[in-house]
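Engineer: These are the residues of each chain, in order.
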Amino acid sequence: MLTIQFGQCGNQLGHTLFSEILSDLECTNTGVSYNTNYQYSEETFNKWFSGISKNNERLARTVLVDTEQKVINKIYNDKNTSWTYSTTNVICQAEGGCANNWAFGYLIKGYELSDVILNCVRQEVEKLDYFDGFLLLLSSAGGTGSGIGSYITKLLRTEYGKRSIVNTTILPFSFGEVCTQNYNTLLTLAKLYNESDINILIENEQIYNICTNSLKKSPTSLRDMNKVISEKLLAVFQPVDHINHNINSLLSQIACHPSYKIVTIKSSPHISATSASYEPVCNWNSYMHHLKQTLRISNLNLQLTNVELKIPSKSLRNTAHYMYTCSVSNFLITRGLIPEQDPIMTNIFKEKDLYANWNMTDWFTHLHQNRKFLNRDKFLALITNNSQISYSLDVLLNKAWKSYVHSAFLHLYKQFGLEEDDFLQAFAILENVVKNYKELVPHAKQ
Amino acid sequence: MSDIKSVLCLLCQHLNLSINVMMKPEYFKLAKFNTMAENVADAFWKALNILGYHAVKEKQIETDFKQCDTLRTTKLYFAYLQYPAIEFYALSEKSKNNRPLLLAFAWLLGTQDILNIIIRINLSNSVLGRECSQLNSVEKKETQYNVPETFSAQINNILYLNGKVNYNIKEISELISQKAKLVNRIHAASVNVSGLPHLSVSEAALIKRVSTTNKNALSNEDKIYIRELSTIASLLDVHMKWSKKKHMFFEWMVTVVQEHNISEHQLEDIDWNEVSKIISLLHCITREKFEILSSQKETINCQDYEPKCISRLLRIQGNNTEIENWFSEISAELAKKTENLNNEKKKLSEKLEEILESIPHCVQVS
Chain A
1 MLTIQFGQCG NQLGHTLFSE ILSDLECTNT GVSYNTNYQY SEETFNKWFS
51 GISKNNERLA RTVLVDTEQK VINKIYNDKN TSWTYSTTNV ICQAEGGCAN
101 NWAFGYLIKG YELSDVILNC VRQEVEKLDY FDGFLLLLSS AGGTGSGIGS
151 YITKLLRTEY GKRSIVNTTI LPFSFGEVCT QNYNTLLTLA KLYNESDINI
201 LIENEQIYNI CTNSLKKSPT SLRDMNKVIS EKLLAVFQPV DHINHNINSL
251 LSQIACHPSY KIVTIKSSPH ISATSASYEP VCNWNSYMHH LKQTLRISNL
301 NLQLTNVELK IPSKSLRNTA HYMYTCSVSN FLITRGLIPE QDPIMTNIFK
351 EKDLYANWNM TDWFTHLHQN RKFLNRDKFL ALITNNSQIS YSLDVLLNKA
401 WKSYVHSAFL HLYKQFGLEE DDFLQAFAIL ENVVKNYKEL VPHAKQ
Chain B
1 MSDIKSVLCL LCQHLNLSIN VMMKPEYFKL AKFNTMAENV ADAFWKALNI
51 LGYHAVKEKQ IETDFKQCDT LRTTKLYFAY LQYPAIEFYA LSEKSKNNRP
101 LLLAFAWLLG TQDILNIIIR INLSNSVLGR ECSQLNSVEK KETQYNVPET
151 FSAQINNILY LNGKVNYNIK EISELISQKA KLVNRIHAAS VNVSGLPHLS
201 VSEAALIKRV STTNKNALSN EDKIYIRELS TIASLLDVHM KWSKKKHMFF
251 EWMVTVVQEH NISEHQLEDI DWNEVSKIIS LLHCITREKF EILSSQKETI
301 NCQDYEPKCI SRLLRIQGNN TEIENWFSEI SAELAKKTEN LNNEKKKLSE
351 KLEEILESIP HCVQVS
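Residue numbers (UniProt numbering), protein chains in the order written: chain A, 1 to 446; chain B, 1 to 366.
Okay, chain A solo, but in the shape it has when bound (with noise of 0.2 Å):
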């Protein structure tokens, strides 16, 4: 696997990404064999690093992209971590960023760096004897990131056909990090969407209300963001017991679908590690019941809930004000020892009417690793591909929609060549992936 970081969020993320993946590493408290442990850490020294530099601190495997010095230079002369960059991997034009504007990264600054980036992809692709993909890191808001990002996707795309592409996409608070948020979103997602092989859509505002309810965290710094995010993805993609576990079958099973191409993790426990200690740790079936409950959505259905159309019943006092949202596949991985008196099990996941009616087969994955996760006696995470999404997405269409309208700040944009059309596009894009979750109808109830 090959990351790619881009822009200033992405950047920062993947240093606190491969800062967690060390801690992972160094963990003393595993819970497992000594060979077992050995074994888990050989796979992820494989996965996410490529060799030993000089000063025998390991290389993380990544390219790293940005338009300013300011980021790059701080993590690139971190000297807190036990491991660093290969110096030719750092890709940095110091011309004052991207101005939060999509069209300069994807058409201007992604063309002039374009060839630069892939000879660094290819040198470090050709190293690998195993190469499942790339997972790209970017953030839709600003313009590094969502610009550039898009187009070495789509590089990426025709020059490794063959190859699996992930994309994880931060997408910014509803209000007020940048004024051309909106558009820069939609016209990533909608990019991405055709070009990418799965994106993993993660929400700032809901990294952040982990921060601050889950673990109280006040005031929260974006570290404490990168860190949760960083423990979503890794609960994913760090090795698994007894099969490999890589992005192909991840996407085999979660994203084979080409109109379903989004994807959210859900995880559980989020605790603070101050008061990790006192904390009770809660079996297995509570964590999984409340994953499930992740997937709930409000019932907002008038036909439902108002209740002057029914008959009166006794059932009606069990009218749920919440239903089960339609997942069209999920993928369950736990993390930690299983002691017999608490197994895991995992019917709640298997129901079938918590997914689309024509899938038939295989809708739920679980794979579970004995070795703790991060010091954790216990984590999941649910990798869900439903229709969640389309609210959120709903939300963003409406915004970018509303400032369209009035050609907000749409000159911005056309000073780089930018069309209506592509606009237009990209709503259309979108406004599908939106129509196709909605439509998503369950199986029935048995």
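Don't read these hints as lab results, they were simulated from the structure. Here a beta-carbon is modelled for each residue, glycine too, at the ideal position from N, C-alpha and C. A hint or two may mislead.
[Unchecked claim] Calculated lysine-lysine pairs in the DSS-like style (CA-CA distance at most 27 Å, straight line):
(1) Lys179(B) with Lys162(A)
(2) Lys435(A) with Lys292(A)
(3) Lys208(B) with Lys127(A)
(4) Lys47(A) with Lys164(B)
[Claimed, not checked] Label-pair restraints from in silico Cβ distances:
(5) Ala189(B) with His368(A): 33 to 41 Å
(6) Tyr34(A) with Glu221(B): 14 to 22 Å
(7) His368(A) with Lys245(B): 57 to 65 Å
[What the hints assert, rightly or not] Computed, partial: chain A to chain B, Cβ under 7 Å:
(8) Tyr130
(9) Leu251
(10) Ser252
Assemble the complex: chain A is given as a structure, and chain B must be docked to it using the hints.
Structural biologist: Same frame as chain A, now just chain B:
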């Protein structure tokens, strides 16, 4: 006579281990005197079939007699090997003669050196010959499969499954290339180890296992491995003994031939019906082959390039002859192709000129 009995015992053991056919020394004795007994003919046919198959395959003759039964197939193998005795071809399932079978068997042993071939095939198919030590036993996952009801759901379902298959194919091809790279790396790392040009993956794995495992607690895999190795060892042992003593078998065969000459056999005894059947079958197959050959004649010329794979034992280290050979071969081919191309070009330009001339009033627009 006890000598010959022990040799026959050895031969039976050999056949049992190498081709898994149950033979008994008595069968040979019964066959010598052409005595009818149960199983004798069956066992001989079975052994001849397997040995004949390998002998024909060794000569790199393409055969495909799947539609025939064991008897016919065996006879056809022998016909390919040009075994001259007509009595053998005249045997049918009901016939009471066993001696021709024994004679054919001895002929195969004597002229084709079939037991050596069999041993070689056995070894190369065994754990020693394999590149990688273990073949993963693939568990088939039984899935219940229902087709969705509506048309659009069916389409979605097909798209979904199609995507799944695509990703799995990607994964498979990636794993294959990974395997090739890793095997290559092991070969490169073990150049000139233990007097061999390089070690195979299974040998390297064996060395690693021997140095790391606890000898008191053998795992199941180790036990299976040891069992396989001991089977090979016993086979090789039997083969060695047989090689030393096989002259005795052939001396005994002389007495069989004498017996055969003494006994009255006349042309009338031969089942000409059976012979003619075999001949017509042979005729048919040959004609078919001829037809295929003549229809492929043109294409075969283009495909005269045969990939050669060299055994590692024939490879000479520190010598670039192999590469040079490949190189000269490839450059010869390139030269041939270029020449062809030039010829074609010349022809094309001639043709074009011809066309141009045939249009006399053509207006040239510059």
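Engineer: For every hint, state whether the structure bears it out.
Structural biologist: The hints, checked one at a time:
1. Lys179(B) with Lys162(A): Distance of about 18 Å is within 27 Å: holds.
2. Lys435(A) with Lys292(A): Judged against 27 Å, a Cα distance of about 24 Å means the pair holds.
3. Lys208(B) with Lys127(A): holds (26 Å)
4. Lys47(A) with Lys164(B): holds (23 Å)
5. Ala189(B) with His368(A): 33 to 41 Å: holds (34 Å)
6. Tyr34(A) with Glu221(B): 14 to 22 Å: holds (21 Å)
7. His368(A) with Lys245(B): 57 to 65 Å: At 60 Å between Cβs, range holds.
8. Tyr130: Holds: closest Cβ of chain B sits about 4 Å from Tyr130(A), inside 7 Å.
9. Leu251: Check passed: Cβ of Leu251(A) comes within 5 Å of chain B, closer than 7 Å.
10. Ser252: Since the shortest Cβ distance to chain B is 4 Å, the answer is holds.
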